[in-house]
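Enquirer: The lines below spell out each chain.
Protein chains: 4
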Amino acid sequence: MSMQYKIYKEPELKDPYMIVGLPGIGYVAKLSADYLVKELRAELFEEMYSSSFPPYVIIKKDGTVELLKNEFYYWKDGESKKDLIIFTGNVQPVSPEGQYEVANEVLDRAEKFKVKKLFAMGAYVTGRPVEKPKVYGVATAPELVEEIKRYEVSSMDSGSISGTNGLVFGLAKLRGIQSVCLLSETPGYMDASGHTLADAKSAQALLKVLGKLLDLKIEMEPLEKEARLTEKFVQEIEELERQTEEMRRTTAPPPPPKDIYF
Amino acid sequence: MSMQYKIYKEPELKDPYMIVGLPGIGYVAKLSADYLVKELRAELFEEMYSSSFPPYVIIKKDGTVELLKNEFYYWKDGESKKDLIIFTGNVQPVSPEGQYEVANEVLDRAEKFKVKKLFAMGAYVTGRPVEKPKVYGVATAPELVEEIKRYEVSSMDSGSISGTNGLVFGLAKLRGIQSVCLLSETPGYMDASGHTLADAKSAQALLKVLGKLLDLKIEMEPLEKEARLTEKFVQEIEELERQTEEMRRTTAPPPPPKDIYF
Amino acid sequence: MSMQYKIYKEPELKDPYMIVGLPGIGYVAKLSADYLVKELRAELFEEMYSSSFPPYVIIKKDGTVELLKNEFYYWKDGESKKDLIIFTGNVQPVSPEGQYEVANEVLDRAEKFKVKKLFAMGAYVTGRPVEKPKVYGVATAPELVEEIKRYEVSSMDSGSISGTNGLVFGLAKLRGIQSVCLLSETPGYMDASGHTLADAKSAQALLKVLGKLLDLKIEMEPLEKEARLTEKFVQEIEELERQTEEMRRTTAPPPPPKDIYF
Amino acid sequence: MSMQYKIYKEPELKDPYMIVGLPGIGYVAKLSADYLVKELRAELFEEMYSSSFPPYVIIKKDGTVELLKNEFYYWKDGESKKDLIIFTGNVQPVSPEGQYEVANEVLDRAEKFKVKKLFAMGAYVTGRPVEKPKVYGVATAPELVEEIKRYEVSSMDSGSISGTNGLVFGLAKLRGIQSVCLLSETPGYMDASGHTLADAKSAQALLKVLGKLLDLKIEMEPLEKEARLTEKFVQEIEELERQTEEMRRTTAPPPPPKDIYF
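Those protein sequences? They're chains A, Y, B and D, same order as listed. Using my numbering, the first residue of the first sequence is number 164, and each one after it goes up by one. Using my numbering, the first residue of the second sequence is number 164, and each one after it goes up by one. Using my numbering, the first residue of the third sequence is number 164, and each one after it goes up by one. Using my numbering, the first residue of the fourth sequence is number 164, and each one after it goes up by one.
For the record, the hints were derived by calculation from the structure and aren't laboratory data. Among the clues, some could well be false.
The list makes no distinction among identical chains, and a pair is therefore deemed to hold if it is satisfied within one copy or across any two copies.
Result set (BS3-like, lysine-lysine): computed pairs, CA atoms no more than 30 Å apart in a straight line [claimed, not checked]:
#, residue 1, residue 2
1, Lys177, Lys364
2, Lys336, Lys232
3, Lys275, Lys172
4, Lys224, Lys295
5, Lys239, Lys388
6, Lys224, Lys297
7, Lys223, Lys177
8, Lys336, Lys169
9, Lys223, Lys295
10, Lys336, Lys223
11, Lys245, Lys177
12, Lys244, Lys224
13, Lys336, Lys275
14, Lys336, Lys172
15, Lys364, Lys172
16, Lys297, Lys172
17, Lys279, Lys388
18, Lys224, Lys279
Starting from the given sequences, assemble the full structure and let the hints guide the process.
Expert: Now the structure itself:
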């Protein structure tokens with residue numbers, strides 16, 4: 164497995180918080196991270212590429228190409244009390260090994276920038292319609308569990324958190340970095356193709372809690388619009404898929420000729 | 164593949180025995196190792212993490228996070244005649260390569276601590292109800308096969324042993340470390356989701372034999388209680404699963420958009 | 164993963180273009196690359212082998228063996244205005260990691276030879292019969308998108324490109340190499356065994372555009388013949404497959420004996 | 164991926180031939196290699212272990228353990244005209260990458276011992292009963308194809324050879340080592356569990372040709388007995404499997420708890 168990096172800037176940050184939101188079920192973490200980046204006008208300072216990402220590239224609206232990538236943004240609070248690093252991207256590694264590797268890359272940055280607390284985001288899948296999403300919290304230490312309870316965060320006492328967001332959160336403990344994982348309720352519905360639907364309501368609930376935890380004011384209007392766009396984008400992709408559904412798909416290499424000699 | 168270690172202590176041991184019990188069918192090896200650790204109050208001295216573990220973290224009762232990990236415990240016999248190293252954990256590597264790598268990591272410790280004999284544990288799957296579990300034994304040398312026969316251990320003359328427990332046992336031979344693998348009968352039943360059930364009776368039979376081989380007295384009451392708890396824990400997880408069964412699950416990354424250009 | 168190389172020559176080229184065409188859906192890219200090599204009498208200067216290729220070798224007409232491989236050819240324009248490097252081969256890596264690795268190997272050559280523009284080729288799968296294939300283009304920069312529009316190339320504004328051809332194209336952007344990906348319409352039909360059919364008409368359309376973009380004259384007659392041969396070859400392989408269809412196939416190692424002890 | 168070696172001896176050989184026969188369809192190559200080792204009383208000089216082998220160990224008749232391994236044997240012709248290295252083992256790597264790696268390890272030995280010609284063995288699967296197995300041959304050069312035709316070897320002009328035996332043969336060409344692959348007809352039948360049956364008749368036909376090519380006299384009686392034993396061994400394993408067939412099998416680690424938070 165190999166990594167590639169593109170560093171745009173070396174920001175100077177004071178004991179920043181780190182927020183982690185890669186795409187997952189309901190795009191809850193991703194929508195939240197993207198929204199924060201946009202609202203705070205956070206600045207991109209590093210892109211990260213891994214051979215454990217899926218082997219394809221994306222075509223953008225303007226006809227140019229975009230690679231699958233992970234991104235680090237920063238935002239400087241005027242008073243240097245809550246500088247932020249936001250980690251997001253358009254993909255998670257495919258393989259478990261890749262997920263562990265990327266998680267450790269993220270934590271290398273967390274150590275480098277002396278992150279004082281890390282917030283990983285994710286979805287709490289209910290499997291049924293969600294009227295008003297509750298936000299659950301898990302932490303690296305009992306004191307942290309107590310602390311977050313004061314911010315409308317429900318506790319958990321069992322289960323597991325999967326994927327890179329969960330690994331960044333968990334491996335933070337190994338490195339002695341205080342870390343909280345916030346999971347926002349979402350139905351977790353997928354369409355017949357196994358595609359998850361973007362859940363803006365869930366992301367909004369998560370951001371509301373995160374805003375309180377970090378004492379950040381976040382304007383919520385735009386998120387709904389953003390989510391509707393994401394929703395539309397996803398539906399367009401699904402429409403494209405439906406059109407080509409009857410074709411059998413192989414991701415890339417044609418199947419090798421079947422062998423007759425062994 | 165990458166490993167991470169957390170070393171708590173460098174114990175001084177005199178020609179210790181090593182006992183190996185990672186989770187497998189019926190949790191026979193894992194239950195036995197956990198029980199020994201608890202009864203002997205063995206002390207944790209090293210944790211080991213591998214990118215070949217499954218990519219998720221576990222939520223504990225107190226709302227904090229636990230990583231998937233492998234653990235080394237030690238116990239010092241007062242007379243230094245049977246000092247012990249116990250290797251266990253809450254997971255096995257997913258990939259074959261990972262299983263070989265972890266097995267070799269375990270044997271690196273065995274060599275470092277000059278282990279005089281290694282005991283790997285496992286399940287002998289019968290596929291039918293087991294009234295009174297027999298314990299089978301395989302060894303790295305014919306003399307050892309003869310030796311263990313004197314302790315109510317049945318011999319075997321065919322078959323194979325799979326997984327990390329089996330590899331630690333087998334690869335010990337390559338390094339010239341005397342090793343025995345004890346396999347205790349268990350029905351091997353799994354529920355519809357493919358989950359194995361904890362078999363305390365099987366673990367108990369195994370521990371009885373191991374106790375004799377090591378001349379250790381092991382009180383059996385608590386194991387039954389422990390196993391009932393494990394059983395309950397497993398059933399709770401299964402209940403959670405049943406509730407969310409109708410949802411399609413992808414382990415972590417959302418499926419990539421299906422491609423239309425190649 | 165490991166690579167092996169066989170270097171036949173170190174050509175001296177002046178700011179060459181690079182053309183990339185590994186096998187994919189409809190063999191569009193591969194047919195085009197092979198045709199160019201043949202028509203221009205381009206010279207092989209390096210072969211590349213990867214452990215991420217499928218584990219088999221091919222038997223040639225003369226009874227000798229051919230390895231799966233990737234190949235670099237060069238062609239020198241008399242006036243050194245459009246020297247070419249053509250990258251093709253008889254296979255793509257099986258794993259995503261392998262596809263990323265091979266793509267980066269190709270770009271190492273592109274940097275070494277100071278490639279001024281890279282053209283990746285591929286198929287645009289329509290899922291329905293194609294009367295007269297349109298050629299679509301994506302690029303690494305908006306100016307390039309505008310430029311190629313002048314050559315009967317249709318723009319795209321969404322979708323993704325998968326496989327090694329797409330990765331070479333996309334990763335070129337990371338290295339600051341100007342790159343265009345040309346995708347030619349093809350039905351994308353596969354037979355019951357999942358085998359793609361060679362689409363000469365699609366390759367021809369692509370070559371026509373590429374010829375204009377590079378100001379190269381390409382005689383089209385032979386391609387039709389070539390494609391008919393490829394078609395025939397593919398049908399022969401399929402016939403062999405049909406004959407042996409009733410046999411269950413394992414790619415190579417016999418299945419391990421099923422285990423009864425764990 | 165990692166390799167382990169156990170070297171027993173450093174034989175001095177004069178321009179030896181190398182014979183390669185890992186297990187595959189019909190165990191044709193493996194039966195042939197084993198038979199040669201036994202009949203010539205060839206001596207084991209190196210064992211090789213790879214983390215790409217399947218993760219299990221085998222229980223032998225005497226109750227001791229055997230690892231999955233690959234083996235190098237040597238045999239010295241009295242006149243040093245046809246010294247031999249025989250490469251065999253009880254397993255092939257599981258992954259394509261592993262197969263390439265092991266093949267290259269074998270060729271490292273071939274280069275070290277200045278092997279003058281390499282013979283890889285394999286099965287030619289017919290998919291129908293075989294009365295009198297024909298032996299087919301493929302080679303690294305046209306002269307070799309001509310040469311082997313003189314020894315009742317049928318030529319081939321298409322198809323592919325899969326697995327480690329085929330890769331050793333093909334990659335030999337890359338290193339400039341003359342190499343022949345002999346494929347003996349076998350029905351390729353497998354039982355319902357996908358297990359291949361040992362085909363002594365096919366191995367016998369192959370050995371007869373190989374004996375002529377190397378000018379070795381090979382007594383055929385014992386092979387039939389050997390094959391019947393192998394056959395019986397395989398049937399016993401199948402019987403064990405049938406008894407436990409109703410149980411769902413996971414190769415080693417218990418399935419992870421299904422996740423409910425993402």
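Enquirer: All hints are to be evaluated individually against the structure, with a verdict given for each.
Expert: Going down the list of hints, with the structure as the test:
In the homo-oligomer, the alpha carbons of Lys177 and Lys364 never lie at most 30 Å apart, since the shortest distance is 32 Å inside one protomer and 57 Å across protomers. Taking the closest pair of Cα atoms, Lys336 and Lys232 come within 30 Å of each other both inside a single copy (25 Å) and across two copies (13 Å). In the homo-oligomer, the alpha carbons of Lys275 and Lys172 lie at most 30 Å apart both inside one protomer (14 Å) and across protomers (27 Å), since each shortest distance falls under that limit. In this assembly of identical chains, the alpha carbons of Lys224 and Lys295 lie at most 30 Å apart only when taken from different copies (25 Å versus 34 Å within one copy).
When the C-alpha separation of Lys239 and Lys388 is checked against a cutoff of 30 Å, the pair qualifies only within one copy, where the shortest distance is 26 Å, while the shortest distance between copies is 54 Å. Within a single copy, Lys224 and Lys297 get their C-alpha atoms only as close as 35 Å, which misses the 30 Å cut-off; across copies the closest is 19 Å, which meets it. Within a single copy, Lys223 and Lys177 get their C-alpha atoms no closer than 35 Å, and across copies no closer than 32 Å, so neither meets the 30 Å cut-off. Proximity of Lys336 and Lys169 under a CA criterion of 30 Å is satisfied in both settings, with 27 Å inside one chain copy and 11 Å between copies.
With identical chains, the CA atoms of Lys223 and Lys295 are at most 30 Å apart between copies only, with a shortest distance of 26 Å across copies and 34 Å within one. Taking identical chains as interchangeable, the C-alpha atoms of Lys336 and Lys223 lie at most 30 Å apart only when they sit on different chains, with a minimum of 14 Å there against 38 Å within one chain. In this homomeric assembly, Lys245 and Lys177 come within 30 Å of each other (Cα to Cα) only inside a single copy, at 8 Å, whereas the closest approach across copies is 53 Å. Taking the closest pair of Cα atoms, Lys244 and Lys224 never come within 30 Å of each other, the shortest separation being 38 Å inside a single copy and 33 Å across copies.
Taking identical chains as interchangeable, the C-alpha atoms of Lys336 and Lys275 lie at most 30 Å apart whether they share a chain (16 Å) or sit on different chains (28 Å). In this assembly of identical chains, the alpha carbons of Lys336 and Lys172 lie at most 30 Å apart whether taken from the same copy (28 Å) or from different copies (19 Å). Taking CA atoms no more than 30 Å apart as the test, Lys364 paired with Lys172 passes in neither setting, with 34 Å inside one copy and 48 Å between copies. Taking identical chains as interchangeable, the C-alpha atoms of Lys297 and Lys172 are never at most 30 Å apart, the minima being 37 Å within one chain and 42 Å between chains.
Proximity of Lys279 and Lys388 under a CA criterion of 30 Å is satisfied in neither setting, with 32 Å inside one chain copy and 42 Å between copies. Proximity of Lys224 to Lys279 under the C-alpha cut-off of 30 Å is restricted to the inter-copy arrangement: shortest distance 25 Å between copies versus 38 Å within a copy.
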